[in-house]
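Starting from the known structure of chain A, arrange chain B on it as the hints suggest.
Chain by chain, the residues:
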Amino acid sequence: MCLGVPARVIHIDGSVATVALGSVEYKASLLLLNNVNPGDYVLLHAGFAIEKIDPAEAAETIRLFNEISNMYEE
Amino acid sequence: MKPEGLRYIDEYRDSALVLHLSNQIRKVSKKPVNLMEVCGGHTMAIHKNGLTGFLPETINLLSGPGCPVCVSSQTFIDHAIALGNLPDMILTTYGDLLRVPGSLSSLEKEKAAGSDIRIVYSVLDALEIAKQNRKKQVVFIGIGFETTAPASAAAIKKAEMDGIRNFYLLSSHKVMPPALEALAAGDTKIDGFIAPGHVSAITGYGIYQKFAKVYKRGVVISGFEPADILQSILMLVKQIELSNYHVENEYKRIVKPGGNPKALAIMEEVFIPVDAEWRGLGIVPESGLAITEKFAAYDATRKFDVKIPESKPPRGCICGEILTGKSKPSDCRLFASVCNPLNPVGACMVSSEGACSVFYKYRA
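Chains as they are written, first to last, in the numbering used here: chain A, 1 to 74; chain B, 1 to 364.
Since the hints were made in silico from the structure, they are not lab data. Only a predicted model underlies this, so the values are computations on that prediction, with no experimental measurement involved. One should not assume that every hint holds.
Partner residues aside, some chain B positions facing chain A, computed with beta carbon under 8 Å [to be verified]:
hint, residue
1, 202
2, 227
3, 337
4, 340
The beta-carbon is built from N, C-alpha and C at its ideal position, and this holds for glycine as well.
Pulled out of the complex, with its shape left as it was, chain A reads as follows:
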């Protein structure tokens, strides 16, 4: 039910975006999200875009994954 997938916005027509997940296209309602532009990645959830994906934070998360844990010196 709470499954969401990252999809790329191809174009926007009013409150509906056409988004691509791989080579498959879907419609995503923009009724719950402002400031969406073509080229953005959004989280598609039950037909609605519910959040934009932040590319800088995405890269930072990958960097943190690669850290070596040394908790007692933090």
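Just chain B now, with coordinates in the frame of chain A:
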């Protein structure tokens, strides 16, 4: 060549990263901990990817109440079935709900017997059905938490704007914080919560502060890919080992501190918190979402007066205990004997993100 568009998925499934994170967890985890993955989507991701095999024995994962189909009360299913029996009625809902046994029947059996019940991917598809069938009444059976509730609210507002008068919502929408509080205050031993990433995308961090500060539990908001989940477990283990409980966000690429203000505002305009029944938790104060007076014309509960039979819970089913982390599916004597995905006795075996269904599908 990699197909375009799977960005933000593939890199979080990298097997070398998964192994690295598994080793880090083994390195820092000393004391035995119980971690609850609140969201059914996490339960599914953990077992589908065999992540328990990457964890040391010190870490015990408990499935939580974040499975909307599972926590929907039997009375609610009975209510939906009764609506489906009304003349000129089209019921619409997300697919998982169809097979949940009510007291005497299920929506699937009612559909076979002639009720017009249609599965939709989005609540907006239900609205479209209403538009195409002006002479019928169309009810959307709304289940789910802060992720799907704003969508239902947006659909009601769109119905009003587009002048669609034959669309109604039967709301079993729920909010997470009161249920988590019931769990934190209850007798299940939970050291930390793997908090639901997509619920948090709507709500933001604020709702979790109490669990760290007052209840002294670790809280990490987590994404759904294998590396996300292991990283979140690592973060929780560190918090618990150091007794330094706070709210951390592993899923920063999606979850902002204040959540999604637009979705929250729409939800607040259309819904009002009410006491609600959860399978396993009973009545939880202010945990349900009913439709406000302003949008009463779209409320299936107000519009249709139906008789709901007295609820009879299935005998021997421990779905409620599983949803509160007190038991695992394998503790149930019905599991994989009389209860299986083809013949589910309880809701936890029905939903694709129900713990029983997940354990059955991916069991060793």
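Structure-based check of all given hints:
Using the Cβ-Cβ criterion of 8 Å, the hint placing residue 202/B at the interface with chain A is satisfied: the shortest such distance is roughly 7 Å. Interface restraint check: residue 227/B against chain A, minimum CB-CB distance 5 Å, threshold 8 Å, status holds. Below 8 Å, beta-carbon pairs count as interface contacts, and residue 337/B has none with chain A, the closest being about 27 Å; its hint is therefore violated. Checking residue 340/B against chain A: minimum C-beta separation of about 21 Å lies over 8 Å; hint violated.
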